[in-house]
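Sequences are here, hints too, so could you generate the full structure?
The chain contents come next:
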Amino acid sequence: MNVEVTPLPGIGVRKDFAIQAGRRVGVVTHKDGQTELIVSKSDDPDACLASLPLTGDEASALANLLGAPQLVAQLTEEHRDLPGINTKQLPIRPSSPFDGRTLGDTSLRSRTGVSIVAVMRAGQAIPSPTPDFTFTAGDMLVVVGTAEGISKARDILIDD
Amino acid sequence: MRSFSRLACSGVWPARSACPPIPLYLVGGLAFGQGGAIELDNIHEFTEIASEIGVVLLLLLLGLEYSAAELVTGLRRSWMAGVVDIVLNCTPGVVIALLLGWGPVGAIVMAGVTYISSSGIVAKVLSDLGRLGNRETPVVLSVLVFEDLAMAVYLPILTAVLAGVSFLGGLTAIGIALIVITVVLVGALRYGRFVSALVDSPDREVFLLKVLGAALLVAGIASAMQVSAAVGAFLLGIAISGSTAENAARILEPLRDLFAAMFFVVFGLNTDPRTIPPVLGAALILAVVASATKVATGWWAARQQGVARMGQARAGAALIARGEFSIVIAGLGAASGAVPPDLVALATAYVLLMAVIGPIAARTVEPIARAVFIRSRLTPART
Numbered sequence: 001m002n003v004e005v006t007p008l009p010g011i012g013v014r015k016d017f018a019i020q021a022g023r024r025v026g027v028v029t030h031k032d033g034q035t036e037l038i039v040s041k042s043d044d045p046d047a048c049l050a051s052l053p054l055t056g057d058e059a060s061a062l063a064n065l066l067g068a069p070q071l072v073a074q075l076t077e078e079h080r081d082l083p084g085i086n087t088k089q090l091p092i093r094p095s096s097p098f099d100g101r102t103l104g105d106t107s108l109r110s111r112t113g114v115s116i117v118a119v120m121r122a123g124q125a126i127p128s129p130t131p132d133f134t135f136t137a138g139d140m141l142v143v144v145g146t147a148e149g150i151s152k153a154r155d156i157l158i159d160d
Numbered sequence: 001m002r003s004f005s006r007l008a009c010s011g012v013w014p015a016r017s018a019c020p021p022i023p024l025y026l027v028g029g030l031a032f033g034q035g036g037a038i039e040l041d042n043i044h045e046f047t048e049i050a051s052e053i054g055v056v057l058l059l060l061l062l063g064l065e066y067s068a069a070e071l072v073t074g075l076r077r078s079w080m081a082g083v084v085d086i087v088l089n090c091t092p093g094v095v096i097a098l099l100l101g102w103g104p105v106g107a108i109v110m111a112g113v114t115y116i117s118s119s120g121i122v123a124k125v126l127s128d129l130g131r132l133g134n135r136e137t138p139v140v141l142s143v144l145v146f147e148d149l150a151m152a153v154y155l156p157i158l159t160a161v162l163a164g165v166s167f168l169g170g171l172t173a174i175g176i177a178l179i180v181i182t183v184v185l186v187g188a189l190r191y192g193r194f195v196s197a198l199v200d201s202p203d204r205e206v207f208l209l210k211v212l213g214a215a216l217l218v219a220g221i222a223s224a225m226q227v228s229a230a231v232g233a234f235l236l237g238i239a240i241s242g243s244t245a246e247n248a249a250r251i252l253e254p255l256r257d258l259f260a261a262m263f264f265v266v267f268g269l270n271t272d273p274r275t276i277p278p279v280l281g282a283a284l285i286l287a288v289v290a291s292a293t294k295v296a297t298g299w300w301a302a303r304q305q306g307v308a309r310m311g312q313a314r315a316g317a318a319l320i321a322r323g324e325f326s327i328v329i330a331g332l333g334a335a336s337g338a339v340p341p342d343l344v345a346l347a348t349a350y351v352l353l354m355a356v357i358g359p360i361a362a363r364t365v366e367p368i369a370r371a372v373f374i375r376s377r378l379t380p381a382r383t
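Line by line, the protein sequences are chains A and B.
According to the UniProt record's numbering, the first sequence is numbered sequentially starting from 1.
According to the UniProt record's numbering, the second sequence is numbered sequentially starting from 1.
Treat the hints with caution; some may be incorrect.
[Unchecked claim] As a list, the in silico DSBU-like pairs of lysine-lysine whose alpha-carbon atoms are at most 30 Å apart:
(1) A:Lys31 <-> B:Lys124
(2) B:Lys124 <-> A:Lys41
(3) A:Lys15 <-> A:Lys41
(4) B:Lys124 <-> A:Lys15
(5) B:Lys210 <-> A:Lys31
To be clear, the hints were calculated from the coordinates, so they are not data collected in a lab.
Note that this is a predicted model, so its numbers are computed, not measured.
Structural data, given as structure tokens:
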């Protein structure tokens, strides 16, 4: 992917790239750290159809939504030869009892047999998190296990 | 203190209307003081100092917005557009000054007044209209960067000319200005962190006093060297970089707004509103011509960067707005007493027009350009 980085003197930096549908998609990062999501118009590629200001939390939530399915799809592909093994994404919601607690506290593996193979946070995949890894609301867990185990794990993460 | 309540009124309204406050400050100032509804006595000493601080802060904050690296890359990328900009937009000012018989000094002042776009208004309009992600926006911004750097060379020349120095003295001023700018740019690129460390402080109050003190000190030294106080502050702003610059900008912004507002009001107070109607015709012609030359500049600059027709039109319209610097230049002229009052009146009327026309043009350019493009498509193609 060819991401074009353009300095905007006095304002910040624009990073964007052309998608296959022909438009440009990217972000404008202001000097004060504020982010704007930009999407170009279809009839005028120089102009922007939308220029949406995002808070830090919103930007990282969007990054997780976009990034996690890719990771899940990739892992599913790798486990294709093992019938019965599923890869799913489970979110840590603000209401979750594990918001602010560690992976070890969930005892997920001993209770359900499910493994957390990665955590998506702020658009970045953190692979193989250790038991002392602390969850925060907005994290997206990528888990591997049986369908039954994953369904139990989902219940545990939503309500203890 | 009536002017301040009036000032407060002028400040509140634009916050909601997205119209730049500069014309309102000017009108607020014109309404009072010299030739206005109420003469204000005994405020001269205070307002003169306040408006001087206003100019220093205006330029300091402008310098803080840019890092030296940004300026150097901007200069490298846009110098051709910058030269086109100077040629096209100084010419209307020079021509009208010579036509009205204001001589070479008047021509130099008017060249600056018609040349420089208001980076404050332009950046605000681009951000309000959601055009920061547009392809033509970096072109517009780099033209503004070039203009701001050009000011660092122009203001010392202006100061020297207004002080009535000889040709040799003028050349010396240009020489000193160029050397100082080069030293500051190179210094800020290499050793910017030392300057930042010098003024930085974890304590908010100490930090504020250090930055403000440094700005006034550098401005004073620059003024004593005949390089213009404003340029000294601008160069200091460039030299301060990184997080120090961001913090300084955040702390100084309300002070800048306050003192810059005073500067505009004082400029208005010192201008007799009765001098404006006689020059209104000339101001209107100048506004039309200077809008056209800015559109042409933006058009050309955007075209060079491979932006399509609609983007070229947007870039041109975005650059029309003139504001704070035209008033700074006219204010320097007025303070020196070397220019006729008519020139100050013309500059005031011109800025009042351009600060309003600019944002409106930027908003309405797309439908207008579309109509023009469609019409040009309907007319039979030349074969």
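Outcome of the hint check:
1. A:Lys31 <-> B:Lys124: holds (15 Å)
2. B:Lys124 <-> A:Lys41: holds (22 Å)
3. A:Lys15 <-> A:Lys41: holds (16 Å)
4. B:Lys124 <-> A:Lys15: Judged against 30 Å, a Cα distance of about 21 Å means the pair holds.
5. B:Lys210 <-> A:Lys31: holds (23 Å)
Going down the numbered hints, you'll see the structure goes against none, and every one checks out.
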